[in-house]
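Dock chain one against chain two, each of which comes alone in its own frame, and use the hints as you go.
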Amino acid sequence: MVLAALASFAVLLVAWIVAPGESRRPDIHDEPASQPLAVAAWPRA
Amino acid sequence: MPTIDAGDTAWVLMSIALVMLMTPGLALFYGGLVRRKNVLSTIMHSFFILGLVSVTWVLWGYTLAFGPDTGLGIIGGLDWLALEGVGASPSDVYATTVPHLAFAAFQGMFAIITPALITGAFAERKRFKAFVLFAVAWSTLVYAPVAHWVWSPDGWLVGLGVLDFAGGTVVHLSSGVAALVAALYIGRRSGLTEASTEPHDVPMTVLGAGLLWFGWFGFNAGSALGANGLAATAVVTTNTAAGMAAITWVTLSWLHRGTPSVLGAAVGAVAGLVAVTPAAGFVTPAAAVLIGLAAGAVCYGAAQLRLRSRIDDALDVFAVHGVGGALGAVATGVFATTAVNAAGLDGLLAGNPGQVGAQIVGIVAVGAYSAMATGTLLFAINLVTPIRVEDVSEEAGLDLAQHGEIAYQP
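The listed protein sequences correspond, in order, to chains A and B.
For what it's worth, numbering that gives the first Met the number 0 labels the leading residue of the first sequence as 0, then goes sequentially.
For what it's worth, numbering that gives the first Met the number 0 labels the leading residue of the second sequence as 0, then goes sequentially.
One or more of the hints may lead you astray.
Said to hold, decoys possible - Quick partial rundown of chain A residues pointing at chain B, CB under 10 Å, derived from the structure: (1) M0; (2) L2; (3) A4; (4) V10; (5) L11; (6) L12; (7) I16.
No lab work stands behind these hints: they were computed from the structure.
Yeah, the Cβ is synthetic: ideal placement off N, Cα and C, and Gly gets one too.
Same shape as in the complex, but just chain B (with noise of 0.2 Å):
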């Protein structure tokens, strides 16, 4: 019988806060990526996503994701529909340490983030009620299902041995490649000139991607799930990764650019962060060096394609989710290790190269699902209500077209 430990839940509660805070973090930092007539329309998808998946995740989302297996590893059953059966006790399968609602909760965060990390790809052009309906509907279809696959006992996924410590299958690569589709999906911007997207307010970003490193403590040490080395081991590694990213990012904008971008450093964080997420509780500190330097360097690779691409991927979330999800996944393969979690599975360097081939097979399964899914959802959303704004409220700014407000007084 499971009981309760206090330490244990005091870090899990402790973290549901921490992993809350990243999506205000993650409206701050999005919101100073876009022109100032769109940063109130920006911030309140991530703000608006807070409310909406708070009450689904407990209406039916948790119970898709968490519930007991329908059979065939591919969602869960309506068991724990309003959360009812699950309470104060622990659960016998999740976190038998904690008050199973506390796990409930912890994961409702994940279940907020990832769809609020897909707003920065259709920024200052997508239509409030369409974006009302497509977070309602991805977040019950693909962040449901993908995170059973992945993170039930009995999803398909955790069958062939894919390893994600945190999410970056389940959160980053779902939302990343969401992101993409949903730019190619929506078209670009009007009017798109390179001076016209520059970041409106740089300070509100860096503050944003602060936001998010210190959240991030809960999103990877929180997976810990428990006060223990484990935890240590994931602060370690989430904060080193997110460093080396950070500085690895802003050299190569310096030597490519001429200047030692302030920018760069926050994206740069953020890629790192992304990274080391799938691998944060599987990895020693020194692969969370390589791992940071890879993201921080393949990232940036990722946002000069898509610059010099048509694709208006309006805050690059295919570059830094997308591409950093996939690459901490293959990472993982390769530098896990059951040195340092027993729980986990030995990779490439430690002998089972067979990992990096499980760790392809999920990057493959949940980028082509969350792709098609999304594709699907667009379309069909956009047969109730046009998923783009009218070319006169795009050029007035989102902010007053379709919130009838402003962010800065003239």
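One chain only, chain A, in its complex shape (with noise of 0.2 Å):
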């Protein structure tokens, strides 16, 4: 049962290994202005 335990981790440990690095291609959206309030509540020196 132990051996079974480790195999079934083990098995997952190399689909981790052989899964694609990106999960697709992204389309660019641009990032929408910082919150007004929190820039106002904490400005950087």
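Below, the structure written as structure tokens:
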């Protein structure tokens, strides 16, 4: 049972290694402007 | 023959749930701090680790950290692989009034949140695949041995008299130093400006900080491993230090920047919780006030220094957890007293100046090992898959590029 449990994790580990590194080629959208209130409340020196 | 105490067991089981909640709390804490295009990927780091380390801890993490020592005080043996031999009866060594399984599960929650803390350093630019491999390797090769050094009765730092009640060095210093190394290794985010790094959702971060504060009662008071006076002490010292650090951080930001920052209250509370963690069961409530004061001031200063540097530790993991953890470890050496915990040791103010030296040895050993091992792991994983996402993905945001999802509909 212990070996089966270890083996099941090993299968997932192999899957993570061979899985795609990028899910898909993204379409780029502009990031909306930062929260004005946050900027006003926590100005950087 | 150890026997189960119902009250102790109930408290430890409850503490497991409290500490478990800290990791989703951390996900919200970090999630609010990043830009809206990266909130899901940031939350995913913590949530995936919750699943991942839950499994690795059972399979091999617990036995490496707490299994019978292999001889040098460095690592546990494989006696308890997949928790074989860890049952409903108490251990002869750990938490002798609660089921051994409950102790193992409680410790597992610490193993989960520690690598999750590191993720704040490489937020917004780390490839998910590389993150998964890093989390498996780091929790196995860094967390497990360090926990053995400090918390196994045969650990070599235990033999030197290092005190760490709930994880100042094991959890916070190790993850904070790893975060610094990771931030240096992976490099700065592209196109950083002051405005582009403003938190996208401060309420989310405050909610996360609240959940962390709540769960920290299990983290620290649960580490008493019993429903007793020591747990009550840890509750009070934990809450006091958190409160003091929060109001200190807010005051400093108010004087420094002209406004009492809400975000500062949240981050300051976490800094206080970090610093009191190694001390919670060894010091008085009055000492906790001083620890909170020091944590608020020193961690605030560290965060300001980081802002002026070129180091893009995106969510200030080192300033809060690395510096806070080290500060708390030293403070434990100063303020610890056997009047609070007869099973502990006296510190500097109780007539044992050597305890400060022991604490510094612990800080140096854990920090150096975490730094070297983290750097090595990142280098090795980078050979398997690039650590960093492509520029176009970083620009688009990791939510879309790495997970094919977005948090907020346009």
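Checking hints one by one. Is M0/A an interface residue toward chain B, by the C-beta closer than 10 Å rule? holds, 8 Å
- Query: Quick one, is the L2/A hint okay against chain B at 10 Å, beta carbons?
  - Reply: Since the shortest Cβ distance to chain B is 9 Å, the answer is holds.
Practice problem: Tell me if V10/A is really an interface residue toward chain B, meaning its C-beta lies closer than 10 Å to one of theirs. | Solution: Since chain B brings no Cβ nearer than about 12 Å to V10/A, farther than 10 Å, the hint is violated.
**Report entry** Interface hint status, L11/A versus chain B (Cβ within 10 Å)
**Finding:** With a minimum Cβ separation of about 9 Å from chain B (threshold 10 Å), the hint on L11/A holds.
Worksheet entry | Satisfaction of the L12/A interface hint, Cβ to chain B closer than 10 Å | It holds, given that the least Cβ distance between L12/A and chain B is near 7 Å, below 10 Å.
**Asked** Does the nearest C-beta of chain B fall within a distance shorter than 10 Å of the C-beta of I16/A?
**Response** holds, 7 Å
- Query: Hey, does the A4/A contact hint survive, CB to chain B under 10 Å?
  - Reply: Result: holds, 5 Å to nearest chain B Cβ.
Hint compliance for this structure: hint 4 is the single one not met.
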